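Number of protein chains: 2
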Amino acid sequence: MVQISVVGAGSVVFTGRLMVDLCLTRSLSSSTVVLADIDKKRLKMMYNLATKYAREMNTNISIKKTIDRKEALNGADFVINTVKVGGYEPTETERKLAENYGYYRGIGDRVSDYYGGIGAFHQLKLFLDLATDVEEICPDAWLIQAANPVFEGTTLISRETRAKVVGVCHGHFGYVDLLRTLGLKQENVEVRIAGFNHNIWLVDFLNNGENAYPTLDQWIEKKAAEYWKSAEYLNSPPWVAEQMSPAAVDMYRLFGLFPIGDTLRSASPWWYHIDLKTKQRWYGPTGGFDSELGWSMYLDLLKEVLEQLRVWSSDPAVALTEVYPPTYSGEQHIPFIDAIANDKEVQLQLNIPNRGTISGIPDDVVTEVPAIVGRNGIRAINMGQLPRRLMLHVMMPRMLRMEQVLQAFLDGDKKSLLLMIVEDHRTRSFEDARVLLEEQLGKSWNSEATKHYK
Amino acid sequence: MVQISVVGAGSVVFTGRLMVDLCLTRSLSSSTVVLADIDKKRLKMMYNLATKYAREMNTNISIKKTIDRKEALNGADFVINTVKVGGYEPTETERKLAENYGYYRGIGDRVSDYYGGIGAFHQLKLFLDLATDVEEICPDAWLIQAANPVFEGTTLISRETRAKVVGVCHGHFGYVDLLRTLGLKQENVEVRIAGFNHNIWLVDFLNNGENAYPTLDQWIEKKAAEYWKSAEYLNSPPWVAEQMSPAAVDMYRLFGLFPIGDTLRSASPWWYHIDLKTKQRWYGPTGGFDSELGWSMYLDLLKEVLEQLRVWSSDPAVALTEVYPPTYSGEQHIPFIDAIANDKEVQLQLNIPNRGTISGIPDDVVTEVPAIVGRNGIRAINMGQLPRRLMLHVMMPRMLRMEQVLQAFLDGDKKSLLLMIVEDHRTRSFEDARVLLEEQLGKSWNSEATKHYK
Numbered sequence: 015m016v017q018i019s020v021v022g023a024g025s026v027v028f029t030g031r032l033m034v035d036l037c038l039t040r041s042l043s044s045s046t047v048v049l050a051d052i053d054k055k056r057l058k059m060m061y062n063l064a065t066k067y068a069r070e071m072n073t074n075i076s077i078k079k080t081i082d083r084k085e086a087l088n089g090a091d092f093v094i095n096t097v098k099v100g101g102y103e104p105t106e107t108e109r110k111l112a113e114n115y116g117y118y119r120g121i122g123d124r125v126s127d128y129y130g131g132i133g134a135f136h137q138l139k140l141f142l143d144l145a146t147d148v149e150e151i152c153p154d155a156w157l158i159q160a161a162n163p164v165f166e167g168t169t170l171i172s173r174e175t176r177a178k179v180v181g182v183c184h185g186h187f188g189y190v191d192l193l194r195t196l197g198l199k200q201e202n203v204e205v206r207i208a209g210f211n212h213n214i215w216l217v218d219f220l221n222n223g224e225n226a227y228p229t230l231d232q233w234i235e236k237k238a239a240e241y242w243k244s245a246e247y248l249n250s251p252p253w254v255a256e257q258m259s260p261a262a263v264d265m266y267r268l269f270g271l272f273p274i275g276d277t278l279r280s281a282s283p284w285w286y287h288i289d290l291k292t293k294q295r296w297y298g299p300t301g302g303f304d305s306e307l308g309w310s311m312y313l314d315l316l317k318e319v320l321e322q323l324r325v326w327s328s329d330p331a332v333a334l335t336e337v338y339p340p341t342y343s344g345e346q347h348i349p350f351i352d353a354i355a356n357d358k359e360v361q362l363q364l365n366i367p368n369r370g371t372i373s374g375i376p377d378d379v380v381t382e383v384p385a386i387v388g389r390n391g392i393r394a395i396n397m398g399q400l401p402r403r404l405m406l407h408v409m410m411p412r413m414l415r416m417e418q419v420l421q422a423f424l425d426g427d428k429k430s431l432l433l434m435i436v437e438d439h440r441t442r443s444f445e446d447a448r449v450l451l452e453e454q455l456g457k458s459w460n461s462e463a464t465k466h467y468k
Numbered sequence: 015m016v017q018i019s020v021v022g023a024g025s026v027v028f029t030g031r032l033m034v035d036l037c038l039t040r041s042l043s044s045s046t047v048v049l050a051d052i053d054k055k056r057l058k059m060m061y062n063l064a065t066k067y068a069r070e071m072n073t074n075i076s077i078k079k080t081i082d083r084k085e086a087l088n089g090a091d092f093v094i095n096t097v098k099v100g101g102y103e104p105t106e107t108e109r110k111l112a113e114n115y116g117y118y119r120g121i122g123d124r125v126s127d128y129y130g131g132i133g134a135f136h137q138l139k140l141f142l143d144l145a146t147d148v149e150e151i152c153p154d155a156w157l158i159q160a161a162n163p164v165f166e167g168t169t170l171i172s173r174e175t176r177a178k179v180v181g182v183c184h185g186h187f188g189y190v191d192l193l194r195t196l197g198l199k200q201e202n203v204e205v206r207i208a209g210f211n212h213n214i215w216l217v218d219f220l221n222n223g224e225n226a227y228p229t230l231d232q233w234i235e236k237k238a239a240e241y242w243k244s245a246e247y248l249n250s251p252p253w254v255a256e257q258m259s260p261a262a263v264d265m266y267r268l269f270g271l272f273p274i275g276d277t278l279r280s281a282s283p284w285w286y287h288i289d290l291k292t293k294q295r296w297y298g299p300t301g302g303f304d305s306e307l308g309w310s311m312y313l314d315l316l317k318e319v320l321e322q323l324r325v326w327s328s329d330p331a332v333a334l335t336e337v338y339p340p341t342y343s344g345e346q347h348i349p350f351i352d353a354i355a356n357d358k359e360v361q362l363q364l365n366i367p368n369r370g371t372i373s374g375i376p377d378d379v380v381t382e383v384p385a386i387v388g389r390n391g392i393r394a395i396n397m398g399q400l401p402r403r404l405m406l407h408v409m410m411p412r413m414l415r416m417e418q419v420l421q422a423f424l425d426g427d428k429k430s431l432l433l434m435i436v437e438d439h440r441t442r443s444f445e446d447a448r449v450l451l452e453e454q455l456g457k458s459w460n461s462e463a464t465k466h467y468k
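Keeping their order, the protein sequence lines are chains A and B.
If you read the first sequence in this note's numbering, its first letter stands for residue 15, the second for the next number, and so on.
If you read the second sequence in this note's numbering, its first letter stands for residue 15, the second for the next number, and so on.
Next up, chain A with everything else stripped away, as it sits in the complex (with noise of 0.2 angstroms):
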C-alpha cells in the first residue's frame, strides 16, 4: 500500500519501464502511482498508457494523475524524479552558439544533455524546489533522483536539505556488454563498480570467483582489433558500442580501471572529442553517444518511441503487454521501493553521500556504489581506494568541476559560469568566453537563471 508519485512523468525514457516493472511485482500491486508533468497532453497519454497496462497485467494498482507537483507529493511515500526542464531544444540551441565559438558538440563536459543548459541551473533549481516540497509535505518519502545532472543533483539535496534522496541511474549496466564481448556469463561473473555517477569503473570484476581481468587483457592483446572490424561493433547503436570502443580500452590503459557505461562520454579526456573523426576513430563509425551523429540517433529514437507510445496509448485493439512485453526493465526504482517497502534485500547500484564508502572523496560528496538496500535503508559496500592517478587525473578533477557547479549555482556567481568556460581546453580567449555566457544567458528560456547569476 505505498504511493509512488512520478515528477516528470512525460518522461518517454522512464515511465513506461517503470510501470512494466511495477506491475511485475507483485508485492507492490495495491500501490498507488501519481503520475505529475506539466505537459498536460503528455501527461494524459501516459496515464493512459499505465492505468491500461495496469488492467492488463491485472493489478489492483491505481494510477492518478495532476499537474500539480504539490497535489502529487501529498501522501507519497517514494517520489521519482525524471524531469528534464525544458526539454533538449534549449540545449541545441546552446550547443549551436558555442559552437560559433569552437566549442565542438557544445560546453559542459562533452555530454550532450549531461547538464540541461548553462550551469545545470534549470534542472538544479528544480531539484531544489522539489526537495524542498519534499521536505514540506512528504518528509518521510524516499527522494528517487533520476534526472541529470544525478551528481551535481543528488549531492545538492543531500547538503541542502533533510530529503531522504538517493540517486539512480542505469549506465552501470554497461558491463553487461562488457561481458557478453568477452564471452562470459552474468550467471557466474560478480562485479562491483564504483565511482561518481557517469564516472564509473570496475572495480572488482570475477569470474568464477577469479579474477576476470587477465581474461580482458587477453581479449584486447588478441581479439579487440578483429572485434573492431565486426559488424556487430560497426553496427551496434553508439550506447552500445561505446563499451567495448577503443576509447574503453585507452582509458583502461591510462587509469588502470576499466570504465563503465556513461563514463565513455564524460569522463572521457578531451583529445577524443576534438571532430567528429577523432570521435569515430575512438567510438566507432557513429562517434559516440554526443557525435552529431549518435546523438541524433538518440533523439530520433525518443521521437519513435512517443509516437509508438501515442498510437498505442490511442488505439483500443492494441494489447499493451504484446508491444510491451512484461519482462524487468533493468531500471532500479521499483526494486528500491520494493526492498525498502517490503524488506526485500536487494544489492543495487545507488548515489548515496560517501561517507567512507571510498577513500579519499569527502563525506558530503555523492558517490555511485554497490549498497545494500532493505527497510532500514542504504548500506553501501566499502570500496576502498581507487588507483592513484584515476583519483587525481579523473575523480578529483570530475568532483571539484561539480563543486563548481554546485557553488555558482548556490551564490549565484556569474564570475564562476565564466571561470568554468574559460577553463574548458578548446577556450581560445577569455573574452569569446565572456561574450558566449552572454549570449547563453541571453536567451528567452534564460531569464531566470540571468537574473540569478550576478
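By construction, these hints were calculated from the structure, which means they are not laboratory data.
Please note: incorrect hints may appear among the correct ones.
One copy or two, either will do: identical chains are not told apart, so a pair holds if it fits within one copy or between any two.
[Claimed, not checked] Straight line, CA to CA, 30 angstroms or less: simulated BS3-like cross-link-like pairs of lysine-lysine: (1) Lys237 with Lys428; (2) Lys428 with Lys236; (3) Lys139 with Lys78; (4) Lys139 with Lys317; (5) Lys139 with Lys110; (6) Lys84 with Lys465; (7) Lys291 with Lys429; (8) Lys79 with Lys54; (9) Lys58 with Lys468; (10) Lys237 with Lys199; (11) Lys317 with Lys66; (12) Lys54 with Lys78; (13) Lys243 with Lys84; (14) Lys236 with Lys468; (15) Lys465 with Lys54; (16) Lys98 with Lys199; (17) Lys243 with Lys465; (18) Lys429 with Lys236; (19) Lys243 with Lys55; (20) Lys110 with Lys79; (21) Lys465 with Lys66; (22) Lys139 with Lys429.
Quick caveat: nothing in here was measured; it's all calculated off a predicted structure.
Keeping the supplied structure of chain A fixed, place chain B upon it in accordance with the hints.
Below, chain B alone, put in the same frame as chain A:
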C-alpha cells in the same frame, strides 16, 4: 651555540643575505655555520665571503665548509635547504623544447624555474634524500625548506619523513609594494596573508585598525590607470611592477582577495600568458618576471651578483660591510632560528601542514600562513575560510596539481607526468605531449628521471 647547516650554500640569492642577518642577530653570535655545496669553487667563494663578513662584523660565528652533505648535517640544529639541482641551464633547454610544441615559456605552471625541470624530479629527489639524511643524522634539527617548489617539497617531506620541516619564502613581502603604492605606512598596517606557497592572498588588511580594502578599491578606481602610465611602474623591475599591475587588479576582481608576491606569476590564469604582447598588457613593459624579458633580467642579475661576489671575495681591500650594508634582509630563516633557539617569539609567514588553519584544505597539505614561532615550535594563526570562488578555481586546482606532481614522483608514474602535460590548456594533441615528454626525458641530465618514471 647553535649549528646552522646550509645545503646549497652556493646560492647567490640566499647565502649572502643569511650571513648578514646572522651577523646582525647578536643572540646567535656564537653560532657555527656549515656551508655545504657540491660546487667546490662556488663553495670556497661563499666561505671566504662569509668568514670575512663575520670577522668584519666582530662576531664569534664559526664557519666551516664541506662538499659532503652528510658531514654538514652532523650536529646541525638547523638545516637550510637552498639547492637548485643542476642550476638554470637545463630548465632553459627544456623550455625551448616545449616552445617547439607551442608551449610559450615552457610547461609547468607558467613560472620559469618553478619545478626546476620535468616533474620537479631533481628537486623532489634531493628534498627527500636530504630529509631522510636529516632523520638519521640530526633528527632533532629543523629543516628549513627554502628551495622550490616549496609547496610540493614541504608537503612531500612532511608526509614522507619525520624531519621537522618548515617551508620559507620571501614572496609575501610583495605586500610592501602594495603599501608603498597606496601611500600607507607599514607601521600602521596589519596584514595577514594565506594560501599555498606562490599562491597567497591578502586575507586581512587593516590600516590603523580599519579595513583598508576600501582604500585599495579607491586606488583601483581613481589612480590605477594613471599609475600604469607612470615612470615608477614602467621602469620597475618585473618582480616589483607585478605587484600593482593590471594582472593584480584583475585577479583581485576575479577571485575576491588581492594576490601577493609570486601569486601574480604562478596563480594567474592561462590567458595572461599567451605571448609576450599579452603578458605586457597584464604585467607592464617587461611582460612580468617570467617572460623572456623579465626572466633574462633575473638571470642577468644573478650573473651580476655572482660576478660582484667573486670580485669582493678575492679583493682583500674591499670592506664587505660597505658593499653589503648590515641591515636585515627580510628573509625569515634567521628570525626563525633565533625564535626557536632563543625563545624570541616572532610572527612569521611559514609553510606548514594545514591542520585546520585554512578551512577546507586537508590536514596534510602544507599551507603558507602567518604563525607564531617560539621555543615550543610553530603555532599557526587560524585563517578560516577563503572566498569560495577563489578556493574552487585557484586553490583546489593548484592543490590537485601538487598531488599529481607528488603522485607521479612517488609512484614513478610516467603516465601521470604525461597526463599533466596533456591537461595543459595549450596542448594541441596527445601525441605532441607524448613526444615532448620523451624529448625532455631524453636529455642527458634526465637519465635518472627516465629510469624513475616508468
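Tested hints:
no. : hint               : verdict
1   : Lys237 with Lys428 : between (49 angstroms within a copy, 27 angstroms between copies)
2   : Lys428 with Lys236 : between (51 angstroms within a copy, 25 angstroms between copies)
3   : Lys139 with Lys78  : within (26 angstroms within a copy, 69 angstroms between copies)
4   : Lys139 with Lys317 : within (27 angstroms within a copy, 60 angstroms between copies)
5   : Lys139 with Lys110 : within (24 angstroms within a copy, 49 angstroms between copies)
6   : Lys84 with Lys465  : within (25 angstroms within a copy, 65 angstroms between copies)
7   : Lys291 with Lys429 : between (34 angstroms within a copy, 25 angstroms between copies)
8   : Lys79 with Lys54   : within (10 angstroms within a copy, 87 angstroms between copies)
9   : Lys58 with Lys468  : neither (39 angstroms within a copy, 61 angstroms between copies)
10  : Lys237 with Lys199 : within (18 angstroms within a copy, 74 angstroms between copies)
11  : Lys317 with Lys66  : within (22 angstroms within a copy, 88 angstroms between copies)
12  : Lys54 with Lys78   : within (13 angstroms within a copy, 89 angstroms between copies)
13  : Lys243 with Lys84  : neither (53 angstroms within a copy, 62 angstroms between copies)
14  : Lys236 with Lys468 : between (56 angstroms within a copy, 24 angstroms between copies)
15  : Lys465 with Lys54  : within (28 angstroms within a copy, 67 angstroms between copies)
16  : Lys98 with Lys199  : neither (36 angstroms within a copy, 58 angstroms between copies)
17  : Lys243 with Lys465 : neither (52 angstroms within a copy, 38 angstroms between copies)
18  : Lys429 with Lys236 : between (50 angstroms within a copy, 24 angstroms between copies)
19  : Lys243 with Lys55  : neither (45 angstroms within a copy, 66 angstroms between copies)
20  : Lys110 with Lys79  : neither (36 angstroms within a copy, 68 angstroms between copies)
21  : Lys465 with Lys66  : neither (44 angstroms within a copy, 69 angstroms between copies)
22  : Lys139 with Lys429 : within (19 angstroms within a copy, 39 angstroms between copies)
Against the hints set out earlier in the document, violations occur for numbers 9, 13, 16, 17, 19, 20, 21.
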